[in-house]
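*Asks:* Just so you know, the protein sequences line up as chains L and E, in that order. For the first sequence, position 52 matches number 52 in full-length UniProt numbering, and the numbering has no gaps at all. For the second sequence, position 47 matches number 47 in full-length UniProt numbering, and the numbering has no gaps at all.
Hints in this document: simulated from the structure, not taken from any laboratory. Check before you lean on any hint, since a few could be wrong.
[Claimed, not checked] Using 25 Å as the maximum straight-line C-alpha spacing, the simulated DMTMM-like pairs for lysine to aspartate or glutamate come out as follows: (1) K20(E) <-> E54(L); (2) K111(E) <-> D7(L); (3) K35(L) <-> E54(L); (4) K71(E) <-> D7(L); (5) K25(L) <-> E85(E); (6) K70(E) <-> D7(L).
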Amino acid sequence: MLFVRNDSKRFRFCRSKCHRNFNKKRNPRKVAWTKAYRRTRGKEMAVDSTFDFEKRRNRPVKYDRGLMGKTIVAMRRVEEIQQTRDARFFENRMQDAKAEKKKQARVEIEKSIELLAPAVANREEVMRNVIDSAKSRIAARKKSSNKLTTTPNSAMVEG
Amino acid sequence: MIQQQTILKVADNSGAKTVKCIKVLGGFKKRYAKLGDIVVVSVQQLRNKSKKTSKVSKGEVFRALVVRTKKKYRKKDGSSFFLQENAVALINKQGNPIGTRILGPIPKILKKQNL
């Protein structure tokens, strides 16, 4: 949906949420879920060479089928690159948070180690049961395979 | 969606400021006029108090072309747009504009009706 203001400025809305916020005269730079906010606060890439591909150019280009095809391929590639760069940006931003999380996890484990103890003991028992049953199964299979090999050799020779 | 009694702004320099729609032209019992339709209007307000600078006077009846609507106009490709106000440009019976300049944005849709 496109809104044209009397000063000829065009505003595009993707859905009524955006439209309604606009009507309430909210400044998108202050509304947390908008791209404008995220970019000004440094949560997402604001400056990147991939954005130059999306700029509006007002020069009309003579229609050329080959060019159109190439543009579509290029669009896909630019999208890929943008996504990898976004991911990298996010990683960089969250680096400190990762170290923090690890530290906090360690602290929490130390604090509540008693909670884990019975669970750990139970786990050992469960693992022991699993291993025992597996061993018995292997033994049973070996027995049956031994039985097979000692049956008449004529069948084996033909096969 | 302009209908009878709708007050419209005037987007040209004919001297009128607001007009009231008296009739929607174009069919039997046609209720609403949209972008590009012609309506019959009567002048309500003038831009200047002095009548010398305006080509129209209060109460005069003219035809007008709707150039801006707040109602969304749907294009064949499914996209739509709307403007900030309802506005018209005054024309005479032959279809020639009374003003010499148009003020404000006008959608490209009106190109087929040469104004």
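*Asks:* Hint by hint, note whether the structure agrees.
*Replies:* Hints and how they fare:
1. K20(E) <-> E54(L): Measuring from Cα to Cα gives roughly 44 Å; hence the hint is violated.
2. K111(E) <-> D7(L): holds, 20 Å
3. K35(L) <-> E54(L): holds, 15 Å
4. K71(E) <-> D7(L): Since the Cα atoms of K71(E) and D7(L) sit roughly 18 Å apart, the hinted pair holds (cutoff 25 Å).
5. K25(L) <-> E85(E): Within the cut-off at roughly 17 Å; holds.
6. K70(E) <-> D7(L): holds, 15 Å
Taken one by one, the earlier hints fail for this structure only at number 1.
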